[in-house]
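Q: Letter by letter, the chains look like this.
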Amino acid sequence: MAVTSFSSLNTSHEAVHARYESVDSLYRETRDMRLLGFVLFLISDVVLFSAYIFAYLYLRNSVPNWPPINKDGHQLPRFDVAFAAINSCVLFGSGATMHFAMESWKHLKKPAFNMWMIATIVLGVLFLGGQAYEYHNAQVTWSGSTLGATFFTLTGLHGFHVFVGVIYLAVLYWQANKGVYTGSKYFGLTAGTLYWHFVDVIWVALFYLFYLM
Amino acid sequence: MAIATAGHIGVASHHDHIHPEPQSFIGKYIFSIDAKVIGIQYMVVGLLFFIVSGLLAEIVRAQLLTPTGAIVSNDTYNGVYSLHASGMIWMTIIPLVTGGFGNYVMPLMLGQRDVAFPWLNLVAFWMFPVAGVLLFGSFLVGAPDAGWTEYPPISLQGPPGTSLWCVAIFLVGISSSLTGINFLVTIFKMRAPGMTFTRMPLFVWAQMATAMLNMIATTALAAALAALFLERQFDIPFYDPGRGGSPVLWQHMFWFYSHPAVYIMILPAFGIVSEVFATFSRKPIFGYKMIAFSSIAIALLGFMVWAHHMFTSGMAPWLQLPFMILTMVVAVPTGVKIFSWLATLWGGKIEFHPAMLFSLGFLIVFTFGGITGVFLSSVPADLYFHGTYFVVAHIHYVLFGGSIFGIYAGVYYWWPKMTGRMMSYKLGVAHFWATFVAFNITFLPMHWVGLQGMPRRVAQYRPEFQFWNDVESIGSFILAGSTLIFLYAIAESMLKGKKAPANPWGARTLEWQVSSPPPYYNFKKIPAVLTNPYDFGEPLPYVGLVRDASNPEHPSTGRASSGTPAHA
Ligand SMILES: [Cu+2]
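Chain order of the listed sequences is E and X. Under this note's numbering, the first residue of the first sequence carries the number 1, and numbering increases by one thereafter. Under this note's numbering, the first residue of the second sequence carries the number 1, and numbering increases by one thereafter.
Just so you know, these hints were derived from the structure itself, not from any lab. Here the structure is a predicted model, which means the values were calculated and not measured. Yeah, the Cβ is synthetic: ideal placement off N, Cα and C, and Gly gets one too. Keep in mind that the hints are not guaranteed to be accurate.
Said to hold, decoys possible - Okay, the calculated beta carbon distance ranges per label pair:
{"hint": "1", "chain 1": "X", "residue 1": "G387", "chain 2": "E", "residue 2": "W174", "range": "55 to 63 Å"}
{"hint": "2", "chain 1": "E", "residue 1": "D32", "chain 2": "X", "residue 2": "S24", "range": "56 to 64 Å"}
{"hint": "3", "chain 1": "E", "residue 1": "L194", "chain 2": "X", "residue 2": "L65", "range": "41 to 49 Å"}
{"hint": "4", "chain 1": "X", "residue 1": "Q157", "chain 2": "E", "residue 2": "W66", "range": "25 to 33 Å"}
Unchecked claim - Part of the chain E face toward chain X, derived, beta carbon under 8 Å:
{"hint": "5", "residue": "L59"}
{"hint": "6", "residue": "S143"}
{"hint": "7", "residue": "V180"}
To be verified - Listed below are the simulated DSBU-like cross-link pairs for lysine-lysine, each with C-alpha atoms no more than 30 Å apart in a straight line:
{"hint": "8", "chain 1": "X", "residue 1": "K349", "chain 2": "X", "residue 2": "K426"}
{"hint": "9", "chain 1": "E", "residue 1": "K178", "chain 2": "E", "residue 2": "K110"}
{"hint": "10", "chain 1": "E", "residue 1": "K185", "chain 2": "X", "residue 2": "K525"}
{"hint": "11", "chain 1": "E", "residue 1": "K185", "chain 2": "X", "residue 2": "K189"}
{"hint": "12", "chain 1": "X", "residue 1": "K499", "chain 2": "X", "residue 2": "K349"}
{"hint": "13", "chain 1": "E", "residue 1": "K106", "chain 2": "X", "residue 2": "K189"}
Could you put the whole structure together from the sequences, leaning on the hints where they help?
A: Laid out in structure tokens, this is it:
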């Protein structure tokens, strides 16, 4: 097939080719399509979190007192805000460093990009460590109460997203240094940034629901 | 074969625009990324699961031949009807109307070569047979026995298969979500030049509304299923009232998906019959925009009515009222569609092709099911109907009479396009009448049996219901027989069907403007579109279609009786 078409390549062909170039370019997988697909994916991910947030609010409102009683009969305490607040700052800080990384890339400052990316990844790992510490010291268990059930499900789901995000960012860092992206073509980095900010925003909701509300 | 013409239209040399056609058997038919092949894969697997789920229904009907029915044990019976419904809804109708017809027809209708993300499409497809095997495989470890809705706390105590059920439905749900995202990007970003939203075929509009529902609602279902799975396997309390959980929470999460799921199943069928009505009445479709926008209206309203399934769950009376009213409001856009179709048919040159017969049957039966739906949405009536055979009657009028009739119409309509062979007209007509009559014998009596108080999901019942139950069972056996006609018609067409021309019905949408079956790349050159495709009597609104012997400008109609295409 390719042989025949190359043999028929001539100037008039080129003219026709040029005329339909605009048309045919619609039928590649473009950056535009990937971005829309990714945004739609994030929207359906928001629905996933919303469903569990709904479950949390529903269960919370179906008992007279919150925090509820554990299955062994003792009154559960409220979560410790102080530690979670520090850990939240770590995550929000990583949102800021991600932003700087992206800006550096757009301004073609490769070393700054590398530095901010590594900072983001480190902060992400720190957040996961803090989360693990909090799980380890938690007064609630996942099977003890609906508070535990919703807490571990929602923060676990979020933690899983952070975990995937850290790996994703590491891959992006590696790809960027392999020369996969250029100053004008960097869809992967855009998606990574979008995802990381998304994970941040979800945490704002969870922090409010479990620690402040 | 297309090389000679491809040379001077300048597409074949676009190395990256048309993917090379895979040559190996596996690349071509098993792990293909061609939406047409994936569409057919969905249909073949869907047909298989349709037969399995249908046989399960026959076991139910055999059991109910006598009031003390002793064909299967009560436990088995519970598993049988639970898997009948789960199989029909998630493994048959949804994959067929979205993955099947959507993949095959939609890119062609958009003047496209494939969907937006072919690899994602491939992954989404393969989740489906895996999910089906898990679902039906749950029989081996004790099938789920709480019905297709799997309400806790019964589902929390159910046999191990209930957890498999969760995994299977979760998988097929993720598959539909991915397909929904894929289709939305395809529709938003990949229409042929000139194809504005209001020039899209109505089937594409329906797929767009369905894809939105799939993308959003199905994710909520995934959350509910994962929670049920966690509670069953890891003792994490969500639904168990003894531990602070709430069974009503499950109902909210489940119905937030499962009411829209009714529209996921019915909107594509609306799309199919819209195409069939336009083509076989040879008239510009009446109220194109009304039909198109009402799909979106139904999809949006569909998210606001889920609690009408929960009137008896103890919800606050003040909350019942908005759900009741909004549910009745859904009848408005649905009615708009029905009247637009009637106006399209009115004065048309109607051709009673099997696809048209199934679409007309759809119109009658679905309208009936829609009206009983309005009964059920009324709180005082629902308190009485709830949990009776009236609900079973309603759902079968909507899902069998709606979705399955729509699927049959779609198969008869697009079969020549998909296979390149004609199907027997006579067998199609016989299949329609046998199905239509048997369908009504089976499901119509359920209305009054339900009104008289026969509860759904029972393996034994009071003797006075026996007469009508026997009628229903005999009807269902005829219904199974009518499906054999369909299978025979398929086999006959594949073995010795006449070769199909490009456009046997003189239809005007783009998929009919390429050969049957279409080449791997669908369009040698992407055509431009000037109007919506339903102006019968006008010249075709496409510029730049490449014609050759396999798809001439003025298609032969394939049958002398079908009338001349208006533009000939
Ligand atoms: Cu509903």
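Q: Run every hint past the structure and note whether it holds.
A: We went through each hint and held it up to the structure:
1. X/G387 to E/W174: 55 to 63 Å: 58 Å, holds
2. E/D32 to X/S24: 56 to 64 Å: Since the Cβ atoms of E/D32 and X/S24 sit about 33 Å apart, the hinted range of 56 to 64 Å is violated.
3. E/L194 to X/L65: 41 to 49 Å: At roughly 59 Å between Cβ atoms, X/L65 and E/L194 fall outside 41 to 49 Å, so the hint is violated.
4. X/Q157 to E/W66: 25 to 33 Å: 28 Å, holds
5. L59: Since the shortest Cβ distance to chain X is 6 Å, the answer is holds.
6. S143: Holds - the Cβ of E/S143 comes within 8 Å of chain X, reaching about 4 Å at its closest.
7. V180: 18 Å, violated
8. X/K349 to X/K426: 20 Å, holds
9. E/K178 to E/K110: 12 Å, holds
10. E/K185 to X/K525: Between E/K185 and X/K525 the Cα gap is close to 28 Å, so the pair holds against 30 Å.
11. E/K185 to X/K189: 19 Å, holds
12. X/K499 to X/K349: 26 Å, holds
13. E/K106 to X/K189: 26 Å, holds
The structure fails to meet hints 2, 3, 7 from the earlier list, while all remaining hints are met.
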